[in-house]
Each structure stands twice: as C-alpha cells, then as structure tokens.
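Enquirer: Using the sequences provided together with the hints, build the complete structure.
Just so you know, the protein sequences line up as chains A and Y, in that order. Last residue of the first sequence: number 193 in the working numbering, and the count goes up by one each step with no gaps. Last residue of the second sequence: number 971 in the working numbering, and the count goes up by one each step with no gaps.
Hints in this document: simulated from the structure, not taken from any laboratory. All figures in this text were calculated on a predicted structure; none of them were measured in a lab. Do not take every clue at face value.
[To be verified] Incomplete in silico selection of chain A near chain Y, CB under 7 Å:
hint : residue
1    : Pro71
2    : Glu181
3    : Ile184
4    : Glu185
5    : Pro189
No residue lacks a Cβ here, since even glycine has one placed at the ideal position from N, Cα and C.
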Amino acid sequence: MNSKIWFYSFTLLALVGAFSACKKDEEEPEPETTHTHVHEEEVITTVELHLTKSDSTAKESEFTWSDADGPGGNEPSIDTVFLDSSSVYKSDLHFGDESDGHGHAHDVTHELEEEADEHLICFDPMDKLAQSLQVTRTDSDGKYEVGLKSEWKTSGASTGKIKITLKHQPGVKDGSCSPGETDIEIEFPVVIK
Amino acid sequence: MQKLVLAVLLSTVFGLGLWGQGSCEHVLQGAVSEDAEQAPIPFAGILLVETSRGTVSDSLGRFELTNICPGQYTLVVSHLGCEPDTQFIQVFGDLRIEVKLAHNHQWLDGYALVEEREQELSTLPQQTLSEREMQESMGQSLGEGLQKLTGVTSLSTGNSIQKPVIHGLHSNRVLILNNGIRQEGQQWGSEHAPEVDPLANERISVIKGAAAVRYGSDAIAGAVILEPAALRTSPGIDGKIHLAGFSNGRQGVVSGVLDGQFAQIQGLSWRIQGTAKKSGNVHTPDDHLENTGFEELDFSWAVGWKRKRFYADVFYSQFNTKLGIFKGSHLGNMTDLRKAFEAGRPVDTVGFSYEISAPYQQVEHELFKARAGLQTGEHHGVEVIYGRQYNRRREYDSHGLFGRSKDAPALELELTTHTLEGLWNHHNEGPWRGKIGGSVLSQDNTYGGRFFIPNYKKEGFGFFWLERLVPDSSVIEWELGIRYDYQRQAVYVPQDRQFRRVNHQFSQFSGNLGALIKAGKKLRVRVNTGSAWRPPQVNEMYSNGLHHGAAAVEFGDSTLTSETAYFLTVSNEYKTGKLRVDWDLYSYYFDGFIYSKPEPSPVLTIRGAFPAFRYTQVDAWLMGSDLQLIYNLPFNLEYRGKASLLRAWEVGRDFLNGMPADRMEHTLEYSFKNNSRIRDAYVSLGVLHVFKQSRIPPNSDFVEPPEAYTLLNAQLGLALYFGDYPIQLGVGVKNLLNTRYRDYLNRFRYYSDDLGTQVSFRITVPFTLLKNDTKTHQ
Numbered sequence: 001m002n003s004k005i006w007f008y009s010f011t012l013l014a015l016v017g018a019f020s021a022c023k024k025d026e027e028e029p030e031p032e033t034t035h036t037h038v039h040e041e042e043v044i045t046t047v048e049l050h051l052t053k054s055d056s057t058a059k060e061s062e063f064t065w066s067d068a069d070g071p072g073g074n075e076p077s078i079d080t081v082f083l084d085s086s087s088v089y090k091s092d093l094h095f096g097d098e099s100d101g102h103g104h105a106h107d108v109t110h111e112l113e114e115e116a117d118e119h120l121i122c123f124d125p126m127d128k129l130a131q132s133l134q135v136t137r138t139d140s141d142g143k144y145e146v147g148l149k150s151e152w153k154t155s156g157a158s159t160g161k162i163k164i165t166l167k168h169q170p171g172v173k174d175g176s177c178s179p180g181e182t183d184i185e186i187e188f189p190v191v192i193k
Numbered sequence: 194m195q196k197l198v199l200a201v202l203l204s205t206v207f208g209l210g211l212w213g214q215g216s217c218e219h220v221l222q223g224a225v226s227e228d229a230e231q232a233p234i235p236f237a238g239i240l241l242v243e244t245s246r247g248t249v250s251d252s253l254g255r256f257e258l259t260n261i262c263p264g265q266y267t268l269v270v271s272h273l274g275c276e277p278d279t280q281f282i283q284v285f286g287d288l289r290i291e292v293k294l295a296h297n298h299q300w301l302d303g304y305a306l307v308e309e310r311e312q313e314l315s316t317l318p319q320q321t322l323s324e325r326e327m328q329e330s331m332g333q334s335l336g337e338g339l340q341k342l343t344g345v346t347s348l349s350t351g352n353s354i355q356k357p358v359i360h361g362l363h364s365n366r367v368l369i370l371n372n373g374i375r376q377e378g379q380q381w382g383s384e385h386a387p388e389v390d391p392l393a394n395e396r397i398s399v400i401k402g403a404a405a406v407r408y409g410s411d412a413i414a415g416a417v418i419l420e421p422a423a424l425r426t427s428p429g430i431d432g433k434i435h436l437a438g439f440s441n442g443r444q445g446v447v448s449g450v451l452d453g454q455f456a457q458i459q460g461l462s463w464r465i466q467g468t469a470k471k472s473g474n475v476h477t478p479d480d481h482l483e484n485t486g487f488e489e490l491d492f493s494w495a496v497g498w499k500r501k502r503f504y505a506d507v508f509y510s511q512f513n514t515k516l517g518i519f520k521g522s523h524l525g526n527m528t529d530l531r532k533a534f535e536a537g538r539p540v541d542t543v544g545f546s547y548e549i550s551a552p553y554q555q556v557e558h559e560l561f562k563a564r565a566g567l568q569t570g571e572h573h574g575v576e577v578i579y580g581r582q583y584n585r586r587r588e589y590d591s592h593g594l595f596g597r598s599k600d601a602p603a604l605e606l607e608l609t610t611h612t613l614e615g616l617w618n619h620h621n622e623g624p625w626r627g628k629i630g631g632s633v634l635s636q637d638n639t640y641g642g643r644f645f646i647p648n649y650k651k652e653g654f655g656f657f658w659l660e661r662l663v664p665d666s667s668v669i670e671w672e673l674g675i676r677y678d679y680q681r682q683a684v685y686v687p688q689d690r691q692f693r694r695v696n697h698q699f700s701q702f703s704g705n706l707g708a709l710i711k712a713g714k715k716l717r718v719r720v721n722t723g724s725a726w727r728p729p730q731v732n733e734m735y736s737n738g739l740h741h742g743a744a745a746v747e748f749g750d751s752t753l754t755s756e757t758a759y760f761l762t763v764s765n766e767y768k769t770g771k772l773r774v775d776w777d778l779y780s781y782y783f784d785g786f787i788y789s790k791p792e793p794s795p796v797l798t799i800r801g802a803f804p805a806f807r808y809t810q811v812d813a814w815l816m817g818s819d820l821q822l823i824y825n826l827p828f829n830l831e832y833r834g835k836a837s838l839l840r841a842w843e844v845g846r847d848f849l850n851g852m853p854a855d856r857m858e859h860t861l862e863y864s865f866k867n868n869s870r871i872r873d874a875y876v877s878l879g880v881l882h883v884f885k886q887s888r889i890p891p892n893s894d895f896v897e898p899p900e901a902y903t904l905l906n907a908q909l910g911l912a913l914y915f916g917d918y919p920i921q922l923g924v925g926v927k928n929l930l931n932t933r934y935r936d937y938l939n940r941f942r943y944y945s946d947d948l949g950t951q952v953s954f955r956i957t958v959p960f961t962l963l964k965n966d967t968k969t970h971q
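Expert: In structure tokens:
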C-alpha cells in the first residue's frame, strides 16, 4: 500500500518534471526571430558643453566630446574650448546618446536631472590651467551641488586641459568627488586667450 | 632554488619512515565497510596470503591479526556480493587498515558502468576526491572543493565564483562532465563559474591531462567528472541529510537526498535530491565586503530501470543562483580602479547583511538526460545518451541604464544545447578491450542588452575509437585513441545596424598513445602523449568593446584558427604499506594558443582611457610538476605533502600571464582509535604556502601580483554510530590565524584582502524510510 502511494506520487512528479524541462520556447538565434536588438541599451556617447559669456551680447558657444560608435572602433572627436581671459561664463552640460546611428544625439540630460541626488559632476582644470580657470557648480539637488550648471571664471591667458567627471553616487553622495563609481571621465583641451 | 628547498623538506620527512625494524609482534587492525553506504560489513573474510592466516570481521566490521613479522604481504578481503579487495601492505609496526568493499555491480549496474569506472583512460593520472575530502568540502563550490587535489587551483571572482584550473588552464580548456553530459554553460569570462551542485554527486574526480579523445576535443587540460551515486539496487527507501554552516558570511547549507526502489516493479529505482544555500556578506580580517552574499537552490530527480541485460534512466536537474557582486569591485574606469588599489581596502559601509542588491548575477542551468544501454553479448554493450541543457544568465549592473527600468538586466544570455552520444564497448577474452563512439551537438546562443557576444548557432559531431591492449603476461598496457571532430558556427555579427551572418568551420583529428607500466607491485608509471585541439570560441572571435568586470577593452579576432596542443604526461605512482607518492610531470606545446594580449596603447572612451587587449594566437609552452606524498608515521600520525610548480611561456618571448603561482601544502593528521560509538575520528593541521607569481610579462596587469602567503588550516571529523547508522560530523577552519592575504588568481585582489578566518560545521545523517523487506509494510 505504502509503496503504491510512493509509486503514483513519484510518477506524477516525474511527469511534472519532464514537462517543466521542455516548457521553454527555444529561441532561434537568427535576428529575424528574436527580440534582441543591437542597441537595446542606452549609453552616453556625447557630452556637449554650452558656454555663454555673461555680458549680455554674447551668444552661446558649443563644444562637443563625442564617441558615436562607443568604446573601440573610431577615435572620439573632441572640440577645443576657446575662452577669453578675465571673463565669466555660464555653463550648461548636456549628455546625449548617438548610438542609434541616425547622426543626432538623443538627449538623456533630463534623466540625469531626475537622478540628481545620485550624481555629481566634477570639474578639474589640470596643470597650468588651474591657475587661470576656476569652475563653480551653481545648481543643487536640494542638498548638494550637481554640476549640470556651473560658472567658469578665467583670469590670464593659458592653455591646458580640463577633466570633467560624472560620478554615480547612489546613497553615498556627500558633495565630494570621492565616493561612487565613474560613469564618464573626459578631457577637453582649453585655450584661454 | 625553491625546488631545492622543497626537495629537502620532503626528503627529510621521507627519511623519518626508515625507522622501525622489529620482531614478529606487530598487530594488524582494520575495519571493513561498504563503499557507497559506509555501513560496516560483518563476517567479511580477511586473508593474509603469505602467512595463510585469516580471520572474520566482527559485527562492526572490525578485525585484528596479531604476531605479524615485518615485511610485505598481500591482504585479501572478501564478502559475498562484493568485489574482493586486494591490498599490498608493508608492515613496519602496528598497522590500521580501512577496507572499502564495493557491491558487485556485474549484473546490477550493467556492463558499461563497471568498465568505465576502472579502465577509461588508464594511462592518464586521475585523482578522485576521497570520501573525507568530499565531507570536508561539503557545501562549498565545485572550484573550492577541487582545490584539495594536487595541481588543481581555482580562478575566482570573490568567494562565490570559482572556476577550476588544471595545469594552469581553465574555462574552455577544461571539460566538465556532469553526470555523463558535457556541461555547456557560459564559460566566457572569469566571472562565469560552472553551474553544478557538487552535493548531487557521490564521486568527483579530475583527469589531469588531455582527455580529449574520449570526451571531446576541448578537454585539453583535463576533465572534471561528476558522478552521482548509482540508483538503489534493492527495494526500499533510504536517504541522507547534509547540513553545513560557515561562519564567514554566516552561510547555511541544507541538502537532502531520497533513494528508493519499488518492490512491485523489478529494478525500477528513483531518486530526488535538493540543495539550498544562503550566504551574506563575507569579511576580510578587517572589513565586510558589501554585497557579497549569494543564494542557491538546486534540485534533481532520476528514475532508472535495470534488468539483467538492459538499463534505462532519466535524469533532470536544475541549478539556480543569485550572486551579489562586491560593490567595491564594480568600478567605472581606470581612475576608480587605481584609487581602489591605492586605498588598499574597501570602505565597510554596511557591515553584515544578507541583502543582495545590484550589481548581481542570476544564473539558471537545466539539464535533462536520458540514457539507455543494452548488453549485446557477454563482453560487449551499447549505450545511447541524450542531453539537453538550457542556461540563462542575467547580469544586473549597479547603474540602471538610462531610460530603462532598473529591474531589467543589463545583459541577458540564453544558451540551449542538445547532445547525443552513442557508445559501443567491447571487452574480449583476448588482450584487446575498447570503446567506439560518436556524438552530435547542436547549440544556440541569444543575447539581450549590453553587447557581450553575438548570437550564434553551433553544430558539430565527433567520432572516437579508444583501444587498450592488456597482454596477460606483460608489465606494459597500451592505450591508443583517435578522434575526429567537426564544428560549424554561424555567427550573427551586429554591424551598421544590421546583422551580418558569418560562417566558420573547423575540423581536425586528435589522438593519443599511452602506456601503463607496472614496475613491480609498488610502482606504476603512466605515460601519455598525443594532440588535442579546440576551435576558437565566439567570444575570442567577436568580443568588441568595454568589458566592465575586467576594466579593459577587449577585441576579438574573427580570423583566429584552431588551437592545437601537443602534450606529454608522465605520472608515477609509488605505493607501499606506509608510503604513497604520486608524482606527475607534464608538458604542453601549443600551436596557436589563444589568449588576450595587451595592446601597446590604451583606448580612449567616454569613461576615460582603458588598457586594451586583443585576442591573439601565439606558440606557447607550458610545463609543470605536481607531487603528492602520503606517509604513515608512528603514533597514528599521517603526513601529507603536496607541491605544484608551473612555468608557461610564449615561445621565444615572455611568460604567459594569468598562471597559478607555485604552491605547497603540508598536513599532519592524527587518527583516534575506533570504539563502538565513534569511528574514523581524526584531527589535522595544514600549512599552505603560495609563492608570489613573479613570472608575468611586463604591462600585462594593472598592479603588481600579490606577495606570497601562508595559511594555517585545520580539520576535525568523526563518525558517530547509532546502530548501523554513522552520523558524520566535522569542523573545519580555514585561515586559522586570520592572515591578511591576496591571491593572484582572485580578481578581488585589486580591491580587497581575501577572506578572514572561516569556521565551518558539517553533519551528515543517513536514514532509512522503508526497509528492504517490503512485505512487512504491505
């Protein structure tokens, strides 16, 4: 009696198992029949630096750091930032994704704005440039600065590079650049005339 | 120099053994137990052939022979229904012997199984985890457990992801044979561990050397063979429960198995088995590592039917795991990595927690296997095995991609594999015995999310013929094998917003010639030479872009050709009553060894500059030696020494990177006397020393390889008898002194020290639900 129960319950279990083994749809790897897309992922490929000289007549200038085909492949294209000495600029940073290949960047800046409390942008004029360029963040997530908007102040003529870093600091943001992981780290050549 | 030190050390210990010539007063004590169940065997016959003296084991399987003169003897232990066991023993002093008798499988298990156990690839060194080593590694990952074998190390990403490394080679150069089916998982990176549950297996062994002819062309470095216990052979139901706990990570492991056979249907047996594991954040001597917990849930079932000449069985298993990836190891770019390394240790922000958050991996592996065999004659049989494997890997990044839900994996891979294998065994009365077989494989891979490897379809077949010549009189056995494999890959490469289909075909012969020389009763020399090859893998041909985990840009090369290895393995086994030495020497010459070579200049990306690696082919040469020495000392002490050396070069150039450092281990063990309640009690203390890996090419790594380290480990175990049931208990301590160390083959060495003291507890309880005699239950 006892073993009969065992036999039936076991047969049942075996059948269930056998079907569970076969239930999955076998996906064909051909692209036509799969839901996979080449660029399903959204990435940041482009950083646009918009600078407006604070005297009212000046118009906005735009400098781009772009690696449209992602890591590897073609080298990124990098604009040189030209600034006047002894001036103050308002800066706006825009982040875009060009990986859809249509030649224009899909703007993801607003997504960064939504997650402002998890992000920090750091500006780091390097070497000699540090003496003639000073960058101050002017926006806030309510508690700490963010850096999407900033003020660039130049003094004497100089050339060099500025490093711009986007840090992802979920739960660890403390206003400094140390915690978290680096999402973006680029350098623009700068010429101050 | 280090070799010399080692040699001196070992020979000193060796020298101790030449003590103890004496008169005929020695006592031979022993115990006989059943191999699989570990139950003691009463009334077994014990015969010391040279003296014609014998005795019979008592109700607990124990026996004793007194007044034995020093010398060499042949001990034969036999019992009805079991294979008799013959041992050559050397008597210096009093001696204790454990004899395990296996049930005679001749009609129970069918012909093929018996053949495979003992005779497959007899000219290659094969090491099996002993019952004790299986106990000591209970609840640990496969990679961790296998490190108990000499010459086997592990490539790790933290404590939860470990891949076995044999002779310095790993991933797609080591084949894992899981219950007779070649494991097809995602072996594309060092952070992809084999998806198997060691607790579902009774026997785990490693063939060190190219087992390619028998198992498939990519078993270049060797094969890891996992075999579950045979299904129950008599009516009734029994089972086992394993429990283990680990202090570091507060890990708990529960595993159980139920085995049964129906009384009504002759020969119909079944098994259900399952394992659950949960671990929280582990800690180094100083800090907890955030998000290093994991969860695992595995189960399997099997049904088998066995008659005198026919057997068929079905097996299904599922492996599910969720692995946290240490937060501090998920770095954005080289600046982060350099900072982490300079900081020396991670920030301990959370302390202990079981919580697993992003980044993490979720991996599922399913295996369905059906097998049937028929004994076609007294000395030959056929067997057909079908296997289907489904593997799904989902990797979640810490940063939800912009515009995508955080619940969506950043990377998803699905791999489905079908295999079919047919075998014909023959074992003639004459000197030839062998095996002819063929296999077919069909596999496809799809990916979603971040590009890692393209979709592909792979189809292939192989044929092999292995033959052994065992002349009656000769001291040399010969083994000869040849194999042909063909593989076709259709790869769908994303390019300019389209998929471009690229076809690749690979085919080649592999072969080997081996000899087993029995020089006297004590020495066996195994020599094996031949060639093996493997086609380039899809990731080696088509990876392109930033490899996050490795903080490097990797480029594949679609023009790669097959990699061919020529090998020579010499393995010496020397055994006397008190001493056992296993000494393996091996050498591989690779024609077209595929590896990722550092590029001269870094690649500039929006995340900063990264070092670049390109898969390339070079001629490479590997040679090494593994030594194991076991010696029975006086006062119930046993010494075990292990040492492994390996050198690997790119021919005419520099060293190859990523090779395990030289290591040696000394263990001293004390066995307690058995009594009616407690048996096989032992306590051991081991010292493991790993040298610094200083042989790496320049600019191949981000940071210097870590310094040498020495760890102290301890083990304690015993079997507690309640009637016929032995309850196995054990305690293990790893890194007893809480030493700070880093291992070259652990990727976490960039960010943090390795684990602090790990204390583990384990217990195995066997039980019977339904006795053999089913009539009393009906």
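Enquirer: Does each hint fit the structure? Answer for all of them.
Expert: To see whether the hints hold, each was checked on the structure:
Because the closest C-beta pair between Pro71 of chain A and chain Y is about 4 Å apart, less than 7 Å, the hint holds. For Glu181 of chain A, the suggested interface contact is upheld, since its CB lies about 4 Å from the closest CB of chain Y, less than 7 Å. Below 7 Å, beta-carbon pairs count as interface contacts, and Ile184 of chain A has one with chain Y at about 5 Å; its hint therefore holds. Annotation: interface hint on Glu185 of chain A holds; nearest CB of chain Y at approximately 4 Å, less than 7 Å.
Interface hint at Pro189 of chain A: violated, since its Cβ lies 13 Å from the closest Cβ of chain Y, which is beyond the 7 Å cut-off.
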